[in-house]
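Given these sequences and hints, build the entire structure.
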Amino acid sequence: MPVINPNSVPGASPPLPPGPTTPVDRALARVNRFYSLPVVGILGSLWAYLCTVVMAALAPRYLAAGGTREFVLLLPLLTALLAVCIIFWVYLASDEYVRHRILKCAALTGVIMAFSTLGYFCLEMLGHERLSMIVVNLYGWAVFTVLMLWVLYRAR
Amino acid sequence: MKNILPELRAQRGWTQGDLATQLAVSRQTVNAVETGRYEPSLSLAFAIAALFAQPIEAIFQWQRPPPRFAREP
Chain A
1 MPVINPNSVP
11 GASPPLPPGP
21 TTPVDRALAR
31 VNRFYSLPVV
41 GILGSLWAYL
51 CTVVMAALAP
61 RYLAAGGTRE
71 FVLLLPLLTA
81 LLAVCIIFWV
91 YLASDEYVRH
101 RILKCAALTG
111 VIMAFSTLGY
121 FCLEMLGHER
131 LSMIVVNLYG
141 WAVFTVLMLW
151 VLYRAR
Chain B
157 MKNILPELRA
167 QRGWTQGDLA
177 TQLAVSRQTV
187 NAVETGRYEP
197 SLSLAFAIAA
207 LFAQPIEAIF
217 QWQRPPPRFA
227 REP
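Just so you know, the protein sequences line up as chains A and B, in that order.
When we follow the numbering used here, the leftmost residue of the first sequence carries the number 1, and every step to the right adds one.
When we follow the numbering used here, the leftmost residue of the second sequence carries the number 157, and every step to the right adds one.
Worth flagging that the hints you see were computed from the coordinates, not collected in a lab.
Don't take each hint at face value.
Unchecked claim - Incomplete in silico selection of chain A near chain B, CB under 8 Å: (1) 25; (2) 95; (3) 98; (4) 100; (5) 104; (6) 155.
Unchecked claim - The calculated label-pair distances, taken between Cβ atoms and stated as ranges, are: (7) 210/B / 91/A: 56 to 64 Å; (8) 51/A / 218/B: 45 to 53 Å; (9) 217/B / 77/A: 22 to 30 Å.
Note that CB positions come from ideal geometry on N, CA and C, so glycine has one too.
Printed below as a string of structure tokens:
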């Protein structure tokens, strides 16, 4: 097969600058690419969501009834909205194949959650103790976050 | 859909990462297109054709997919 000089191909771009050469440089570049802004954003928003969920769960015990307690109880909605906004931003900033993968992640999470909810329902029908929906909620977030991080790791 | 992207890339001595950089997509996208796991959008196909200065149909060969539920004669 003849080797074509990229500079002689019409429409071709100029040669690319050399990348990291040593194994250490390559490993560092890989790590830096993985812990990029999208990953930090997703993990940070999930952390904020978990913190507000714990605060909301503890609020009835430590806060008197009133506006402050209601605000703390509703705070997880805001952080969940923040997480959704960040994931949507990652979606918009991705190329078409990664968008396709993100949509598959969302669909897969939906299927897993549907079957989990069905499983909980069957457990309740069989006489098991009633399970809190917060378990399903946190489980779903965890599954979706893991799938998203896997997609972003592969897209590095 | 078959394509000759690996051959075109090899002719120029580019890695998948190099091609991804030139197309402003991820390396994963280039890999998925090359292996046939993903069919690129029209805009990406036009970008690939422009990069290699070849018509789209010279790079991508469409094949009629086999019928999923073939009728028995």
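Verification of the hints:
1. 25: 15 Å, violated
2. 95: 4 Å, holds
3. 98: 6 Å, holds
4. 100: 7 Å, holds
5. 104: 11 Å, violated
6. 155: The hint holds - residue 155/A has a Cβ within 8 Å of chain B, the shortest such distance being about 4 Å.
7. 210/B / 91/A: 56 to 64 Å: 32 Å, violated
8. 51/A / 218/B: 45 to 53 Å: Holds, since residue 51/A and residue 218/B (Cβ atoms, about 52 Å apart) stay within the stated range.
9. 217/B / 77/A: 22 to 30 Å: About 51 Å separates the Cβ atoms of residue 217/B and residue 77/A, which means 22 to 30 Å is violated.
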